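FYI, the numbering for the sequence shown is 1 to 358, going by UniProt numbering.
If you're looking for bench data, these hints aren't it; they were derived computationally from the structure. Be careful, since some hints might not be right.
[Stated by the list, open to error] Below, simulated DSS-like cross-link-like pairs (lysine-lysine); rule was C-alpha separation at most 27 Å, straight line:
hint, residue 1, residue 2
1, Lys227, Lys267
2, Lys267, Lys214
3, Lys161, Lys251
4, Lys237, Lys165
5, Lys189, Lys220
6, Lys267, Lys324
7, Lys315, Lys237
8, Lys287, Lys251
9, Lys198, Lys227
10, Lys315, Lys251
11, Lys322, Lys264
12, Lys165, Lys198
13, Lys214, Lys198
14, Lys108, Lys132
15, Lys345, Lys189
16, Lys251, Lys345
17, Lys211, Lys315
18, Lys211, Lys198
19, Lys322, Lys287
20, Lys237, Lys211
21, Lys251, Lys211
22, Lys333, Lys220
23, Lys211, Lys264
24, Lys220, Lys324
From a predicted model like this one, the values you see are computed outputs, not experimental measurements.
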Amino acid sequence: MFTTSRGISLILALAISALVAAFLSLMDGADLLLLLVAWGVSFSSSYLLISFMLEYLIFKEIGDIYSLLEKIQRKDLSEISEKGRKGSISPLRKINKVINSYAIARQKEIDTLQKNAVFRREFIADISHELKTPIFATQGYIHTLLDGAIDDKQVRMRFLKRAAKSLDSLDILVQDLLTLNQMESGVIKFNFTEFDLKELLEEVMEELEHKASKRDMHIKFEVQPDKHYLTNGDRQKIYRVCQNLIFNAMKYNQNGGEVQVVLKTHKNTIQVDVTDDGPGIPPEDLKRIFERFYRVEKSRNKKEGGTGLGLAIVKHILEGHKSKISVSSTVGKGSIFSFSLPLVKSDSMEDKHKAATL
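Model the full structure from these sequences, guided by the hints.
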């Protein structure tokens, strides 16, 4: 009892009231009634004041500190709040705030570690799956040849070509992983030059024209033919961005569908929109499509091909150009991928073009 705030308040109040009564008893004319009233007033006021101070300025703060320490010991930091009691004037408030800040920082570290652990597990599972397919396919072809099929010339050539194709897929996967890792670590440097974005897109579409014709797919390019679209960037890497976006629009589109590439200028930027009329992307997948190996439909991984790293690489390339990739999609209607690059205004280039046309 005497270790609680009320017990300590009672002892101190009794001592103070006794001292007051004893002091008044030494005065002339102090009768018993006056002593009792003085004792009662001093006791009650001392008890209430001391009890309030101990309860709300010391014991409650110590209780909060103890509670925080218990949560830290149990590693249960999920219910810790960043808001403190602004009205507190206890000298223990600073200690409480320091411990609370420490606990919140620990909680953030734990959350980050848990997210990293989940990402690491998913990454290991994904990379294992991606590596397993070409390795197992190559093993199957090689072992079949070693078991005697090598004597058949037709079978030998067919299996060797398939094994080589699987190894090529494995090499592309490894190269994409290395490229992505180097971009994230800042090893790869960007070589910025001025180039015409319209000419680059025409090169990409010319390269993909054969694949589009196989699926009776049309690539529509909306651009002003007599206008230059000069920008400043790493041409090779922007080529890869455009190649990936247009190829994805074809890959996940329907046979006989259309891919629309729109190039338009604003005041200081050039915007590229790549639109398809495919199945679209569900809202829950939109935030994750730029993660490594993430695909909207897991069942079509191998049927559609690819390493699952293309959009992640696109994201990092554009971030290196101080830009970003955006996507909007409607299920059943298609998707639009967009990005912007700086517009370089060059009158000399326009003059040269006009002179060449005259």
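Taken at face value, is the distance from the CA of Lys198 to the CA of Lys214 at most 27 Å?
It holds: about 25 Å lies between the C-alpha atoms, which stays within 27 Å.
Does Lys198 lie within 27 Å of Lys165 when you go C-alpha to C-alpha?
violated (33 Å)
For the pair supplied as a hint, Lys251 and Lys211, is the alpha-carbon distance within the 27 Å limit?
Between Lys251 and Lys211 the Cα gap is close to 9 Å, so the pair holds against 27 Å.
Decide if the proposed pair is consistent with the structure: Lys267 and Lys324, CA atoms, cutoff 27 Å inclusive.
Judged against 27 Å, a Cα distance of about 18 Å means the pair holds.
Pair hint Lys315 and Lys237, alpha-carbon separation not exceeding 27 Å:
Holds, because 11 Å separates the two Cα atoms, which is no more than 27 Å.
Mind checking the alpha carbons of Lys211 and Lys264 for me, to see if they're no more than 27 Å apart?
holds (26 Å)
Going straight from one Cα to the other, do Lys161 and Lys251 come out at no more than 27 Å?
Distance of about 24 Å is within 27 Å: holds.
CA of Lys287 to CA of Lys251, is that 27 Å or under?
Between Lys287 and Lys251 the Cα gap is close to 20 Å, so the pair holds against 27 Å.
Holds or violated: Lys237 and Lys165, Cα atoms, limit 27 Å.
The hint holds at about 25 Å.
Lys108 and Lys132: Cα distance at most 27 Å?
violated (36 Å)
Does the alpha-carbon distance linking Lys220 and Lys324 stay inside the 27 Å limit?
holds (24 Å)
Against the 27 Å threshold, does the CA-CA distance of Lys315 and Lys251 hold or violate the hint?
Holds. Lys315 to Lys251 sits at ~19 Å (cutoff 27 Å).
Checked against the numbered hints listed earlier, the structure breaks hints 2, 5, 12, 14, 16; every other hint is satisfied.
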